[in-house]
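Engineer: Residues per chain are reported as follows:
Protein chains: 4
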Amino acid sequence: MYSFKNDYSEGAHPSILQALVETNLVQENGYGEDQYSVKAIELIKQSVRNSNVAVHLLTGGTQTNLVAIAAFLRPHEAAISATSGHIFTHETGSIEATGHKVISIDTVDGKLTPAHVQAVLEAHEDEHMVKPKLVYISNSTEIGTLYRKQELMELKQFCEAHHLFLFMDGARLGSALCSEENDVSLHDLPSLVDAFYIGGTKNGALIGEALVICRDHLKEDFRFYMKQRGALLAKGRLLGIQFMELFKDNLFFELATHANTMAAKLKRGLREANLSFLTESSTNQIFPILPNDTIVELQKNYAFLVWGKVDETHSSIRLVTSWATKEETVTAFLEDLKKLVK
Amino acid sequence: MYSFKNDYSEGAHPSILQALVETNLVQENGYGEDQYSVKAIELIKQSVRNSNVAVHLLTGGTQTNLVAIAAFLRPHEAAISATSGHIFTHETGSIEATGHKVISIDTVDGKLTPAHVQAVLEAHEDEHMVKPKLVYISNSTEIGTLYRKQELMELKQFCEAHHLFLFMDGARLGSALCSEENDVSLHDLPSLVDAFYIGGTKNGALIGEALVICRDHLKEDFRFYMKQRGALLAKGRLLGIQFMELFKDNLFFELATHANTMAAKLKRGLREANLSFLTESSTNQIFPILPNDTIVELQKNYAFLVWGKVDETHSSIRLVTSWATKEETVTAFLEDLKKLVK
Amino acid sequence: MYSFKNDYSEGAHPSILQALVETNLVQENGYGEDQYSVKAIELIKQSVRNSNVAVHLLTGGTQTNLVAIAAFLRPHEAAISATSGHIFTHETGSIEATGHKVISIDTVDGKLTPAHVQAVLEAHEDEHMVKPKLVYISNSTEIGTLYRKQELMELKQFCEAHHLFLFMDGARLGSALCSEENDVSLHDLPSLVDAFYIGGTKNGALIGEALVICRDHLKEDFRFYMKQRGALLAKGRLLGIQFMELFKDNLFFELATHANTMAAKLKRGLREANLSFLTESSTNQIFPILPNDTIVELQKNYAFLVWGKVDETHSSIRLVTSWATKEETVTAFLEDLKKLVK
Amino acid sequence: MYSFKNDYSEGAHPSILQALVETNLVQENGYGEDQYSVKAIELIKQSVRNSNVAVHLLTGGTQTNLVAIAAFLRPHEAAISATSGHIFTHETGSIEATGHKVISIDTVDGKLTPAHVQAVLEAHEDEHMVKPKLVYISNSTEIGTLYRKQELMELKQFCEAHHLFLFMDGARLGSALCSEENDVSLHDLPSLVDAFYIGGTKNGALIGEALVICRDHLKEDFRFYMKQRGALLAKGRLLGIQFMELFKDNLFFELATHANTMAAKLKRGLREANLSFLTESSTNQIFPILPNDTIVELQKNYAFLVWGKVDETHSSIRLVTSWATKEETVTAFLEDLKKLVK
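Residue numbers (full-length UniProt numbering), protein chains in the order written: chain A, 1 to 342; chain B, 1 to 342; chain C, 1 to 342; chain D, 1 to 342.
Only chain A is shown next, with the shape it has when bound in the complex (with noise of 0.2 Å):
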């Protein structure tokens, strides 16, 4: 049985657990303030080549985006959110519980255009009904799809002429960044956002995402935030160590590579075999079309999430691929679908 659920199936890459094993007995601080944090840290600013920006680990993607926009937010602002979007649906009301509302948007491809906001913000008028303050996006999104550099360009210019902060959540920023379609690189990124997170635990590390906080007046006291709402390590050197070992010789945007490869080889294989997708997209989650019995066939061996029924005898998955996901395995796979569909 092999997993395509999902691309946290697997520990860390060895290299990094190899690291965590040669510093294990160096003494450091305590709470980020070890030598190692401090490293990763500062090869973060280089990558997004910005010495002015700050930087934060937290350990996941949850937690990053509710110690952050809670306190980014003053307490009747509200985050917009794509409906499918991560905050909205599948992080347990853990915005709300900070205190502030989500304001969801329908979309097709799972992105927020300017046209979205806008819509969002002249239905609130008054002071009877929340202030939209902030705009959520993930790249890569929830659907796999991506924001080329147009479409941020243009959303982060909306949000500055109507003074909304944007931010992304980069769970699987890897993914989207090495992709064959994006025009986006991360050193792009501080003048396209106010806040950003690069996604450690979906592309490699054991836990980890690095928070970058690109406009200044957000970035204040922000350690407290961390701290009050459980997210500040005592052994702050586990992620320190990991975001080192990513960002030193380009380990992380190798191992995205790697995991949109095998995706783009499923996609061709699927493709072959004569399958649509219900979205597009040149990341590592692609959401093919299949017979409901070919399903069940494939699940004798293969494990993957049913995404949602397309017909009465279709319905979508969702294949992710990651780091470790091995090209003999994509093979395998393809063979055993083109048998069942042919």
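If you are wondering where the hints come from, they were derived from the structure by calculation, not from laboratory data. All figures in this text were calculated on a predicted structure; none of them were measured in a lab. Certain hints may be false.
Any copy, or any two copies together, can satisfy a pair, since identical chains are not distinguished.
[Unchecked claim] With a straight-line Cα cutoff of 20 Å, these simulated EDC-like cross-link-like pairs (lysine to aspartate or glutamate) come out: (1) 133 with 220; (2) 5 with 327; (3) 219 with 126; (4) 342 with 220; (5) 267 with 220; (6) 5 with 127; (7) 326 with 181; (8) 267 with 180; (9) 149 with 160.
Once you have looked at the hints, place chains B, C and D on chain A.
Structural biologist: Chains B, C and D only, in chain A's frame:
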């Protein structure tokens, strides 16, 4: 320079890292539903000799405290803590951030008694005041003391009689249970408190606290609370593997015993140098009182916290030992000290 | 200029002011423990024919909604509301500010059915999503419609079967109960919902909503929640006297009936002028569709909300009547209108 | 039986009721945008001699405290209060329910000094602790004392220097300002504190506190916060009419002066009976110390709070006077008392 600043200065015990390496490429379910977490929870249930408890693995002490206490209380209910209690002073108002007041009680030794709690109950008489509902204790305490079995029994009995929950912060539970003065067993705890946690971070793990919920009523829907506060790791295996390793062969107790032994050796040496202590501690944190100039000299080779002023010429310091403290370092420290104080 | 903008444009019914004047110098206990509040609660219990309910007097609708819903839910639980529901759109995220998500459902008529709720339950499957727990309905709704007894019975039955609370916002309950189309009695409500409130502010009081909690489990410690949210008035007598007056001789129903009668007269007149309506309303809010130029003309002498665009040349408006609406004003409005639309 | 229990035992001053009656049928805008609220705010700005302040009318003290403090603070920031401060003990954790810790300071007289606040600042050194940001004081205090101008100036200067907000709970501000010992004018307050409120409930209104925000930075979006916490009344006229009446001809000060005069008369009489006092009060709350058996006798004809035990045979009681206290009642009480203690 050697640091006695805390018990989280190094990484993890080598056998924990070894287990991470060995299991690394096995594919597992996410969010704590992996085989290692399942096994770790099974081992912990065996250790507490109670299969009816609910066990959850979280990343750190502040997170565990806030997720659990916010889950256990209704909005108008408050926690009671010693003024020295970690939730009252050193967690950035994390409990208040979930909406609950923490009522503080000044104590000499960091420990709460039924008389303390009784006084709080008497002062809270109607709906114009919060309703005290949960008694928070730390074992060992923040100043190195511990609870005897009889003390816990009396506190539990009082709490039962007054419909209060008794919650034990066990960030340093290992050190308490392995202390020479201790008469409490891990398997006594399910009948002595309503919930407690077993600290991994300060006893040899990279991160991790195992929360044990003993009272049925408090178990319901607990994974929702974890997810909502960002405490459910995608790679929950990271926690599972570590606790599996700590509990499969008594490693947890061995590590704590070692830390205590090193602290006891320090204590004996300090006594031989005719030094006194701020608190009576038989755990891995000791608080000797030293001449200020001695402290300055020691700081040239050793790192530690200066705890507080005792008189014009003396201060207390905090020395913390851990699973990683080497006996030769303790010996060297004592020799250096004796040269200074003779 | 006469205003049909809302049902809270005037002060209180004169007999309420009279009662305030007459009782003014009697010394009473504070915080709702005065004889008038006690008497008002007794009268309400008689009106609902159930001495087992708990009744609390609060100042306004938003306050009552937020105090009650936050009291009823645990942190991970969510409310379900129609998109048009007041808590979802027009209370500045007050429910979210207490930590709870409001899940919205698009409806045609502002009313929820078991099918609506069923769809929400199916979409919320595990701990990565909030747990839907409370169904919020308004009667009459924000767009003038009302619930029939059979509809409430079905909804209640569904909620019981799925362990959901059913909560009725009764800011305009009087108008609903006194509508020609209504077949629900006030005394039916304790068996049809778990909690509801009887709106005073929009039915002749200066301020005041009487919350009726029917389910035992939800009654506990409710005064703590009121105090904690600033809803316990020092001079609770202000609320008690008003509700005593409203319920001692059916004044509450007389006032609502008058408002409905005025709305019905308006509706008849508008129909005679061949105008149609956005929603089917038999309560004190009606939503006729008018040519835009007619609206402009009417606005010279009458104030009302322009509700929404219907087509390029038509819009819907909202006309609200109240206990204070005079029949001659309605007549004059209709005459003016008929001159414009003929 | 006559009650000296508090200053909210009766309804409103008759001229306030008269104003409610006279304006009753005038149609007005809702939510505080009526002409009376506009006028009341204008009068208050004249009284404080500052047209740049923002004034908002809310219903009660707890509500005003929680709406304002939650609006002024960021999530990790805390309020500092005397242990006797209303927000610390008698508002059911309402501040904590908005997410903020209240740091308490033991005082003799219920008043905070720069030295008190300095000690708090020194104890809060890093992100592991909350960030003290707002100093909460009550004037008059909960035990009848008041702040002199020099004390307020020193406190304000300290707060400015340390970037702290100074907030004054004025539930009994009238009594403080009209005390014989007072040297502060209402129009001094905008330069002495960052925000304060003028209590109506305890000085002749049915309900109502007028919050005055002096610091520009704290004014933004304040109506959102009011609505979100349920503090924006549909019939805001109820508050506007009352404050218009209180401030159009000095009624506010006349009522407070009367209450103080009655308390002073009580105090003189008690002194003549050789009784001492728990606190030095020149406001409308006094705390004489009586033999326990005298208290029991007095309770047959008078209601009051027994404040606390002084020694085995004596207790302090609280006597509160108000705008409604009659001189003959005070005379009668003193005569009855003198019979008992001679």
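Engineer: Next step is simple, just say for each hint if it's right about the structure.
Structural biologist: We went through each hint and held it up to the structure:
no., hint, in the structure
1, 133 with 220, "both (18 Å within a copy, 14 Å between copies)"
2, 5 with 327, "within (16 Å within a copy, 48 Å between copies)"
3, 219 with 126, "between (28 Å within a copy, 16 Å between copies)"
4, 342 with 220, "neither (60 Å within a copy, 48 Å between copies)"
5, 267 with 220, "neither (44 Å within a copy, 42 Å between copies)"
6, 5 with 127, "between (44 Å within a copy, 18 Å between copies)"
7, 326 with 181, "neither (23 Å within a copy, 54 Å between copies)"
8, 267 with 180, "within (13 Å within a copy, 62 Å between copies)"
9, 149 with 160, "within (16 Å within a copy, 45 Å between copies)"
Hint compliance for this structure: hints 4, 5 and 7 are not met, and every other hint is.
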